[in-house]
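Novice: Listed here are the chains, written in short residue letters.
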Amino acid sequence: MTAFGASLRYEFRMQVRKRSVWIVPALTLVLFVLIGGSLLRDLFDPGERPLDPRTGVVGLAVQLHALLAIGFGCLLADRLVRDDRLGVAPILDATPASPAARLLGKYLGAAAATAVPIALAYFGFAAAYAIDIGQPVAMAWALAAFAVVIVPGLLLVAAFALAVPMIMPAPLFRVLFVGYWLWGNIVSPEMMPTLARTLFHPLGGYPLDVLFDFHGIDGEDTWAGPVAGATLNVLRPDPTPALALLSIVLLLIVSAAALAGGHVLRARRIR
Amino acid sequence: MRIEISGLTKTYRGGVHAIDGLDLDIPTGMFGLLGANGAGKTTLMRILAGIVRPSAGRVVVGGHDIASGPGRTAVQRELGYLPQDLGVYPDLTARQFLDYVALLKGMDDRSARRRRVGELLEVVALTEYADRRLRGFSGGMRQRVGIAQALLADPRLLIVDEPTAGLDPEERIRFRTLLSQFAGRRTVLLSTHIVDDIGQTCREAAVLAKGRMIFRGTVEELTRRARGRVWEVVTDGPAPAEGTVVSALPHDDGMRYRVVARTAPSAQARPLDPSLEDGYLAVTADQAAAGREPASR
Amino acid sequence: MRPITLWRYEARRTGWAAVLGPPLAVALGIAAALAYPEPSDTTTARILLGGLEMAVPLAAAVVCSTLIGQDPAREVQLTVPTPYRITLLRRMIVVLSWTAAVAVLAAAVLIVTGWWARWPQNHGAFAGQLTWLAPMLGLSGLGFAAGAVLRSPAAAGAIVTTVWAIQQFFADAVQEHLPGRLLYLFATTRGAATDDWLANRLVLVGAGAVLVALALILLGRPERLISEEDE
Ligand SMILES: Nc1ncnc2c1ncn2[C@@H]1O[C@H](COP(=O)(O)OP(=O)(O)OP(=O)(O)O)[C@@H](O)[C@H]1O
Ligand SMILES: [Mg+2]
Chain A
1 MTAFGASLRY EFRMQVRKRS VWIVPALTLV LFVLIGGSLL RDLFDPGERP
51 LDPRTGVVGL AVQLHALLAI GFGCLLADRL VRDDRLGVAP ILDATPASPA
101 ARLLGKYLGA AAATAVPIAL AYFGFAAAYA IDIGQPVAMA WALAAFAVVI
151 VPGLLLVAAF ALAVPMIMPA PLFRVLFVGY WLWGNIVSPE MMPTLARTLF
201 HPLGGYPLDV LFDFHGIDGE DTWAGPVAGA TLNVLRPDPT PALALLSIVL
251 LLIVSAAALA GGHVLRARRI R
Chain B
1 MRIEISGLTK TYRGGVHAID GLDLDIPTGM FGLLGANGAG KTTLMRILAG
51 IVRPSAGRVV VGGHDIASGP GRTAVQRELG YLPQDLGVYP DLTARQFLDY
101 VALLKGMDDR SARRRRVGEL LEVVALTEYA DRRLRGFSGG MRQRVGIAQA
151 LLADPRLLIV DEPTAGLDPE ERIRFRTLLS QFAGRRTVLL STHIVDDIGQ
201 TCREAAVLAK GRMIFRGTVE ELTRRARGRV WEVVTDGPAP AEGTVVSALP
251 HDDGMRYRVV ARTAPSAQAR PLDPSLEDGY LAVTADQAAA GREPASR
Chain C
1 MRPITLWRYE ARRTGWAAVL GPPLAVALGI AAALAYPEPS DTTTARILLG
51 GLEMAVPLAA AVVCSTLIGQ DPAREVQLTV PTPYRITLLR RMIVVLSWTA
101 AVAVLAAAVL IVTGWWARWP QNHGAFAGQL TWLAPMLGLS GLGFAAGAVL
151 RSPAAAGAIV TTVWAIQQFF ADAVQEHLPG RLLYLFATTR GAATDDWLAN
201 RLVLVGAGAV LVALALILLG RPERLISEED E
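Protein chains in written order, with full-length UniProt numbering: chain A, 1 to 271; chain B, 1 to 297; chain C, 1 to 231.
Bear in mind the hints are in silico, worked out from the structure with no lab data behind them. Just so you know, these numbers come straight off a predicted model, no measurement behind them. Check before you lean on any hint, since a few could be wrong.
[As the list claims (entries may be wrong)] Label-pair distances were calculated between CB atoms; the ranges are:
hint: 1; chain 1: C; residue 1: V104; chain 2: B; residue 2: I194; range: 55 to 63 Å
hint: 2; chain 1: B; residue 1: A289; chain 2: A; residue 2: D84; range: 40 to 48 Å
hint: 3; chain 1: A; residue 1: I186; chain 2: C; residue 2: A108; range: 47 to 55 Å
hint: 4; chain 1: B; residue 1: D108; chain 2: C; residue 2: A108; range: 32 to 40 Å
hint: 5; chain 1: C; residue 1: P81; chain 2: B; residue 2: R133; range: 20 to 28 Å
hint: 6; chain 1: B; residue 1: T263; chain 2: C; residue 2: P81; range: 50 to 58 Å
hint: 7; chain 1: B; residue 1: T11; chain 2: C; residue 2: A108; range: 56 to 64 Å
hint: 8; chain 1: B; residue 1: A289; chain 2: C; residue 2: P81; range: 41 to 49 Å
hint: 9; chain 1: B; residue 1: N37; chain 2: C; residue 2: E223; range: 18 to 26 Å
hint: 10; chain 1: C; residue 1: A108; chain 2: A; residue 2: A256; range: 40 to 48 Å
hint: 11; chain 1: C; residue 1: P120; chain 2: A; residue 2: D84; range: 29 to 37 Å
hint: 12; chain 1: B; residue 1: A248; chain 2: A; residue 2: D84; range: 38 to 46 Å
[Claimed, not checked] A few chain C residues that don't get close to chain B, going by computed Cβ distances all over 12 Å:
hint: 13; residue: P3
hint: 14; residue: E10
hint: 15; residue: R12
hint: 16; residue: P72
hint: 17; residue: P83
hint: 18; residue: S97
hint: 19; residue: A108
hint: 20; residue: N122
hint: 21; residue: G124
hint: 22; residue: T189
hint: 23; residue: V205
hint: 24; residue: V212
hint: 25; residue: G220
hint: 26; residue: P222
hint: 27; residue: L225
hint: 28; residue: I226
Yeah, the Cβ is synthetic: ideal placement off N, Cα and C, and Gly gets one too.
Produce the entire structure from the sequences given, and follow the hints as far as they go.
Specialist: Below is the structure:
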């Protein structure tokens, strides 16, 4: 427990102090605002914004999550291999602290630190929007969307970002990760076989559909359930609350499996 | 190659004065640099090597002002540098690493380069391991690769930052002999915490403390600084409170202490002949005492 | 011209990601084309060219973003007469040359098999090579410059992948205005205005060159490279 706590605390501190953890999301947001067409601007435009505050903040969650998770994953990709590179690993490995507890602490600490700017950006925009439209309830929806949609997605990304660079160079992971993110989240299922909008969807199609009744910003999109003419529809049953929950649990299980894999690989390397 | 340093100051970000108004002339030959941890030795050497820019002051190496780009490059053509924390490419063998650095030093002729690399591997006694990857090298072996790397282009200025750290006693002695032989008409700047190494190789040395020079002179002068200040105290009671304890050896009638102190630490204290290390300790103790008395600043 | 041996050493420094990235990117493009459920020749051709325009430059750029920082021997590198920024530039040239070799080979196969011509906006076999060359240079320049500014491969890689992804997610919004269209990376396969294509390609090449030049100016200060790395 103390090993977990110490590792959590210091990994958080080291990561949250890094300039790049702040610069990368900040630049992303600047670009995002510059190009227009996103909710970052439209939420404050009475002619463009969705009528329902829930759709507004949930749509914002989807857009920010889809984009900021990429920088999030890339920034975390060196955290586990870093200890070896900097020569800290032998010191830590020589302590009686359980390696599993340390890894878990590192995982949650570094991920939480890297998510701080994302959370600030999301709640910042959501609050500005809630004030702008005079509907405080938007903040409640924002909290719910963050917990149910963004957090499980980021936990998945963080687990792979820590574990995968154990078996391939970190740059290669970054390339494959962004490719996966596009393919497994955004690509439309009619176009090619994809995990997008299945039960395993890091952007959270099922919870979005069932728990937030979200069907795209203009209300015309399907985020869960079978897609006519698409492959892999087995993985797209009709949405129910139980399936929404299952889809979240699935993300968490896969994260845990990735992390466990990383742990095994590290343990093997030490021996 | 003569090095002339005047008014040199280096302030790192965060306000650390690593070098603080240093004036120092380093003549041809071997020159030793001593000082406590954090005294500014590495910073000074990095400035001379052109890696760190001074905040103020002037540094002229062999007639080239290192403030200018061409001046720095001119110095680097004549320079061999062994950093304190040497990093190597783990996937290269010792021979390949040296070959690579030789190329970076502009030794484009293949056969000359090969010959030189072979010679230096011989010099640092690594011929046997030359074709193993550096990943598997022990700390001392890696250090020897670093030494070889610094000597590659037959530099006229050799800057070595704690070169003997991690070397076994034989290698250390071999290396310092090599250094003094190498010095000849060249300039070798050696920083180390092994005071004895300076005594065995250098005619002159400087001692830094907190970025300032607190001693500059010959090795004999440094030793003389402790004359009349080195004592042996044999006691079964507590250690002497005055001065710096240099050594403590268990003895039949208690402990035998070697102490550097301005006055005899006890009535039974017996004066001893000073060593270079005693001289260094005397100089730093004086500096610390001066620092404690506000009136002296 | 320095000996070829020196280039060989620099090639080794670029690492496995540099070697594997570009062929892997081509393979992924082909896999995506094969996975398309109802193949029409045009769309298959578009995905094949898309692999060259999207995946190949991304692989090169992410590797270029890792060139600066984490060099174990940088203290030696900074004290040799060969300027370290020239060494870094050599490594970048190695990465880009290898990527170009892979891309040219893939393009040649597409041209010979006729797939190249099946995408209407292919711009021919010769100028058409700008399909991958321009985004590769533009994005790699960005990666290299981000590395020089941030001295953190993780951060520089994050910026490259984010810029790439934003242009994928918001292809229409990005291309609504002329500056966005000129800087759009995927103008061959997702371009909004065919007329702007050549201008777009040249602007990307120019932007890459400018970014590399800026990075080289920054790298002229050795102190930036020796300390304060954003670990
Ligand atoms: N990159 C840096 N940034 C900030 N401060 C630094 C940096 N490098 C050194 N310092 C500070 O400058 C001072 C001098 O450091 P330097 O490394 O030159 O000492 P040194 O004499 O080589 O010490 P040692 O014997 O331990 O090697 C120290 O106080 C150190 O904390
Ligand atoms: Mg030092």
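Novice: Look at each hint and say if it fits the structure.
Specialist: We went through each hint and held it up to the structure:
{"no.": "1", "hint": "V104/C with I194/B: 55 to 63 Å", "verdict": "holds, 58 Å"}
{"no.": "2", "hint": "A289/B with D84/A: 40 to 48 Å", "verdict": "holds, 46 Å"}
{"no.": "3", "hint": "I186/A with A108/C: 47 to 55 Å", "verdict": "violated, 31 Å"}
{"no.": "4", "hint": "D108/B with A108/C: 32 to 40 Å", "verdict": "holds, 35 Å"}
{"no.": "5", "hint": "P81/C with R133/B: 20 to 28 Å", "verdict": "holds, 27 Å"}
{"no.": "6", "hint": "T263/B with P81/C: 50 to 58 Å", "verdict": "holds, 54 Å"}
{"no.": "7", "hint": "T11/B with A108/C: 56 to 64 Å", "verdict": "holds, 58 Å"}
{"no.": "8", "hint": "A289/B with P81/C: 41 to 49 Å", "verdict": "holds, 45 Å"}
{"no.": "9", "hint": "N37/B with E223/C: 18 to 26 Å", "verdict": "holds, 22 Å"}
{"no.": "10", "hint": "A108/C with A256/A: 40 to 48 Å", "verdict": "holds, 46 Å"}
{"no.": "11", "hint": "P120/C with D84/A: 29 to 37 Å", "verdict": "violated, 51 Å"}
{"no.": "12", "hint": "A248/B with D84/A: 38 to 46 Å", "verdict": "holds, 40 Å"}
{"no.": "13", "hint": "P3", "verdict": "violated, 5 Å"}
{"no.": "14", "hint": "E10", "verdict": "violated, 9 Å"}
{"no.": "15", "hint": "R12", "verdict": "violated, 7 Å"}
{"no.": "16", "hint": "P72", "verdict": "violated, 3 Å"}
{"no.": "17", "hint": "P83", "verdict": "violated, 8 Å"}
{"no.": "18", "hint": "S97", "verdict": "holds, 19 Å"}
{"no.": "19", "hint": "A108", "verdict": "holds, 32 Å"}
{"no.": "20", "hint": "N122", "verdict": "holds, 41 Å"}
{"no.": "21", "hint": "G124", "verdict": "holds, 41 Å"}
{"no.": "22", "hint": "T189", "verdict": "holds, 38 Å"}
{"no.": "23", "hint": "V205", "verdict": "holds, 29 Å"}
{"no.": "24", "hint": "V212", "verdict": "holds, 20 Å"}
{"no.": "25", "hint": "G220", "verdict": "violated, 8 Å"}
{"no.": "26", "hint": "P222", "verdict": "violated, 5 Å"}
{"no.": "27", "hint": "L225", "verdict": "violated, 8 Å"}
{"no.": "28", "hint": "I226", "verdict": "violated, 5 Å"}
The earlier numbered hints that this structure contradicts are 3, 11, 13, 14, 15, 16, 17, 25, 26, 27 and 28.
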